[in-house]
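So the protein sequences, as listed, match chains A and B. Heads up: the first sequence runs through residues 1 to 248, numbered per my numbering. Heads up: the second sequence runs through residues 1 to 248, numbered per my numbering.
No lab work stands behind these hints, which were simulated from the structure alone. Keep in mind that the hints are not guaranteed to be accurate.
Copies of one chain are not kept apart here, so a pair can be met inside one copy or by any two copies together.
Unchecked claim - Straight-line C-alpha distance at most 30 angstroms; calculated BS3-like pairs for lysine-lysine:
hint, residue 1, residue 2
1, Lys241, Lys44
2, Lys107, Lys140
3, Lys102, Lys241
2 protein chains.
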Amino acid sequence: MVAGVFDSGAGGLTVVKSLLESHLFEQIIYFGDTARVPYGNKDKQTVVRYSLETLEFFNNFDIDMLIAACNTVSSLAIEELRAHADFQILGVIEPGVLALEKCITNKHDPILILGTQATITSGCYVDLLRQHGYTNITQKATGLFVPIVEEGISSESVLQETMKYYFHAIENPCAVILGCTHFPLLARSIGNYFGGIPLIHSGESIVAYLHTQQEFTQRYPHTHIQYFASENPHNLQAIAKRWLFPLG
Amino acid sequence: MVAGVFDSGAGGLTVVKSLLESHLFEQIIYFGDTARVPYGNKDKQTVVRYSLETLEFFNNFDIDMLIAACNTVSSLAIEELRAHADFQILGVIEPGVLALEKCITNKHDPILILGTQATITSGCYVDLLRQHGYTNITQKATGLFVPIVEEGISSESVLQETMKYYFHAIENPCAVILGCTHFPLLARSIGNYFGGIPLIHSGESIVAYLHTQQEFTQRYPHTHIQYFASENPHNLQAIAKRWLFPLG
Chain A
1 MVAGVFDSGA GGLTVVKSLL ESHLFEQIIY FGDTARVPYG NKDKQTVVRY SLETLEFFNN
61 FDIDMLIAAC NTVSSLAIEE LRAHADFQIL GVIEPGVLAL EKCITNKHDP ILILGTQATI
121 TSGCYVDLLR QHGYTNITQK ATGLFVPIVE EGISSESVLQ ETMKYYFHAI ENPCAVILGC
181 THFPLLARSI GNYFGGIPLI HSGESIVAYL HTQQEFTQRY PHTHIQYFAS ENPHNLQAIA
241 KRWLFPLG
Chain B
1 MVAGVFDSGA GGLTVVKSLL ESHLFEQIIY FGDTARVPYG NKDKQTVVRY SLETLEFFNN
61 FDIDMLIAAC NTVSSLAIEE LRAHADFQIL GVIEPGVLAL EKCITNKHDP ILILGTQATI
121 TSGCYVDLLR QHGYTNITQK ATGLFVPIVE EGISSESVLQ ETMKYYFHAI ENPCAVILGC
181 THFPLLARSI GNYFGGIPLI HSGESIVAYL HTQQEFTQRY PHTHIQYFAS ENPHNLQAIA
241 KRWLFPLG
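So here's chain A without its partners, still in its complex pose (with noise of 0.2 angstroms):
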């Protein structure tokens, strides 16, 4: 099984630790639209032409599925990158929100979506909420999350000042959906923040959407990975060799 996946940048990497981690896929292919990169304060136009364009690059592959790990593409491009598609096209939002569903099965529960702007604007997980049920959704646009994430800033006060920022009105929730890719590297923030509730992890929702797919009847002990990038793809490299295989 060889899996392609799409992201902006270098945040898609969190998917791909857990794809590592599930041993579903014999290869992986992965693009970061580091040219571009953030997509997130972008609109729809230009994330569809992007995404359009990417999905030319994967082309020149024998993949048998795209994983849009960006949530800005799965929230704003989806539909546009299946209708031009060979193979299958998956994204992050319906596995998310399944994901949810492990945990909050109340639908009454306050549920928080983070995001980036554009991903927030689109609406796309309050739509599915609602039609999975779900009467009490928050979301939030936090755009600071991103460079913070690619800054690397790990200062406590600032994190917690940023939290308070984007927070403070926002009424404690049950479950929170990070709507990122690079959300998950703030989780321990986040979690402190609201008190050890469910975070939603893009990465661990493909995987368990995946494990449901007759598909998947295969392990692979190991994972062969190319990394491409439209600027600078061995510094794409580097960061995942720091990050993925950090004692290799």
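Since the structure of chain A is already known, use the hints to place chain B on it.
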């Protein structure tokens, strides 16, 4: 006199504001590369490519000069722009250093340069300041400043903690070069942190520089502006209207 003004996004409007107040231009044509913003986390090759593509856009207009309002473009791509342009190309680095010289005559006084990662990595401010005889130069990439401005965050505690995070280990400077078009919008907080020292602003520096140039003999009571953007020009126009003409 007709100027093109080029920025990676909307940040260059801080420079436009100064140009409007100067009455030196009959017409300004502004282009923001909003579909690919920001430039400050991209590498030189990418910034040069984007800048030369933007130059082609300006070839459609009869401009007397192109002002690279963006410090990242001024740092990484000014020579390449000059090599390909049929009109004068003006960056913000040299005007910034000249403006500093009017405030700081003791070349041993500590100077702090703030900018995007790309501007700081290029070292172009440091090189030019050394050529001008400055000996005590510190520079710092402050990656959160652009998203803080773009998010419109005015929370004093977020701003203070972010300033502390970046500046706690830095010797108190006698002047700060605001080496990014967004940073003048944080001038109050930066000024408060360092206690009312001179802050060098790209827009004011460019205007001071233009006033020394012979060809600027005429003054125009009104400047006509046109806004173009690689994504959602209406959004850029709305920001400009709200920000440059708050009472209009």
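Hints versus structure:
1. Taking the closest pair of Cα atoms, Lys241 and Lys44 come within 30 angstroms of each other only across two copies (23 angstroms); inside a single copy the shortest separation is 32 angstroms, beyond that limit.
2. For the identical chains of this complex, Lys107 and Lys140 are intra-copy neighbours only, at 19 angstroms inside a copy versus 48 angstroms across copies, given an alpha-carbon limit of 30 angstroms.
3. Taking the shortest Cα distances, Lys102 and Lys241 never come within 30 angstroms of each other, neither inside one copy (32 angstroms) nor across copies (48 angstroms).
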